[in-house]
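Novice: Take a look at the letters that make up each chain.
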Amino acid sequence: MSVPAPNSEVITLRGRKVVGGKARAEAIVTTQTISGWGGINEREGSVIELHHDLHGQSFAGKVLVFPGAKGSSGWSAYFHMCRLNGVAPAAMIFTRMTTKIALGAVVARVPAVTDLDEDVFKLIRTGDLVEVDGDAGTVIVTRISG
Amino acid sequence: MQLSGEEAAMRDGAQGEAVARAMDLLIRYGEALGAEKLVKTRNVAGAFNASTPSVVHMAQDGFDRVFSELNLDSDDVVAIPHMAVPTCQLITGIDLDNSETQGVDPALADLQRRSEEYLGRRGINLACTCTPYQVGNVPVRGEHCAWMESSAVIYCNSVLGARTNVEGKESTGAAGLTGRIPYWGMHLAENRYANRLVQVEVDVDDMADWGVLGYFTGFAVEENKPAFRGLSRQPDLMKLKHFGAAAASSGGVELYHMPGITPEAPTLAEAFGTNAIPEPIVYGAAERKRTWERLQNASDRKLDFVMLGCPHNSIEQMSLVAELLEGRRIHADTALWVHTPRAIRQIADRSGYTRIIEAAGGVVMSDTCPAISRKLPKGVRVIATDSAKQAHYLPAIAKVQGWFGSVNQCVESAIAGEWLGVVQ
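Protein chains in written order, with our numbering: chain D, 130 to 275; chain P, 25 to 448.
It should be emphasised that the hints constitute simulated quantities derived from the structure, not laboratory data.
Ideal Cβ placement from N, Cα and C applies to all residues, glycine included.
Errors might be hidden in some of the hints.
Unchecked claim - Chain D is faced by these chain P residues, among others (derived, beta-carbon under 7 Å):
1) Arg52
2) Tyr53
3) Ser174
4) Gly192
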């Protein structure tokens with residue numbers, strides 16, 4: 130167990146396992162759904178969709194917090210290739226279950242949870258340190274304040 | 025997840041290693057979804073072709089390696105047997121008859137040739153189009169399918185009343201080898217009722233109108249299930265093809281109901297079934313104009329490239345393009361590519377449409393499209409298209425400016441060499 134810094138706040142959320150495993154990384158948060166094919170660059174692990182609020186930003190090695198998937202059925206294949214290219218997210222936290230995101234999380238082979246008991250978009254901010262335990266279905270958020 | 029005796033035996037290797045890997049993936053996927061069980065399917069449409077730059081290194085180890093990794097999510101290479109159920113290939117990256125025009129590396133064209141031979145031997149029907157329902161794969165109402173291609177899925181569910189989720193490359197590989205797919209989402213009757221109402225207050229008639237309404241709908245309802253009220257015109261295959269492709273691009277719509285038009289919604293009340301009818305989302309003149317403007321991602325009017333045929337053109341659309349181009353000539357600085365399934369191209373050839381389009385300086389392509397192939401004519405900066413889907417994706421994928429307009433606007437602009445379209 131890591132000891133939180135004095136000026137930090139720790140929040141635990143409970144939800145449902147989508148893919149097992151554990152990861153701990155910085156969060157990148159968007160309230161917009163993401164396209165796989167046509168929406169991300171699978172070599173860089175970045176969002177390329179025009180007008181998207183993560184446009185140009187990389188999710189590689191981060192805990193991606195988002196509502197879910199939209200767009201092409203190439204979703205899983207693109208996140209699959211992100212894994213093969215070493216630029217997959219460290220974990221996924223999402224709120225809306227679809228076949229695209231379920232299959233995408235499975236083949237990206239990253240810890241993934243959904244159905245959390247609190248509003249993740251209120252509680253998790255980009256830059257927060259987030260620990261995802263896929264098997265337990267839990268998310269521990271460490272927010273450095275100030 | 026509950027497995028039948030046969031499914032458990034498949035998982036345990038009774039039908040060989042590849043089927044075992046396929047069943048393992050379906051179980052992991054079904055559990056991620058929270059599905060109770062699998063359902064049998066005899067209609068799979070997926071992406072198996074292996075000829076993109078990113079698979080070249082994998083293909084050096086043989087096509088079994090590519091299929092194992094990308095279609096089964098298996099780290100180990102397993103020998104891929106014949107598909108267990110009818111399975112077809114959707115759109116690919118290369119038109120082997122136009123690969124030079126596309127600017128495709130000849131080594132990749134050769135890889136595609138060998139990949140097709142490999143897939144054909146395993147019972148994968150090489151339809152090579154995003155619109156399998158235009159070339160003979162027309163599922164019947166209630167049929168459980170495992171389809172990829174968001175524009176085909178929305179057509180399959182909504183217009184045909186067959187049942188498929190948006191599947192992926194890995195789940196369709198596994199479905200082809202097992203004849204199974206998770207019983208979840210669109211496969212269950214109770215999940216097929218509308219939960220959003222779109223009130224249409226403008227005339228929606230030509231193909232561009234339907235594309236714009238679809239593009240609006242995707243943004244407005246995201247992955248929900250809209251029903252429509254106020255449609256004043258009877259659409260056809262071509263219009264609903266465009267409408268659905270747009271709705272599945274701007275949102276994640278997999279099913280919609282148009283009372284009196286689509287099969288599961290004889291009336292608005294039946295479209296909503298057990299769901300309450302919600303407050304309407306209004307699509308009026310202002311929404312139409314705003315959506316049309318949202319599809320314009322360009323400022324320069326000098327036009328380098330016009331793309332028609334996303335989703336792949338019907339024979340009626342091929343005939344229309346030929347009619348618009350007859351006896352005319354596309355501007356020397358502008359390229360025009362028209363995309364249609366290979367099976368429809370044969371009809372276009374025999375009917376003389378291909379010759380007219382080519383005489384005007386256009387190219388008729390099959391098996392691919394620029395968004396999938398990421399191949400455009402060299403040096404293209406500004407494109408135009410009659411497809412809301414292509415207008416949505418191509419500027420992001422190819423880093424070009426993109427105009428959207430009607431097929432007439434697109435053809436007239438190709439002839440003029442500059443974008444003549446106005447927001448209608």
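Novice: Tell me the hint numbers this structure goes against, listed in increasing order.
Specialist: Violated hints: none at all, because every hint is consistent with the structure.
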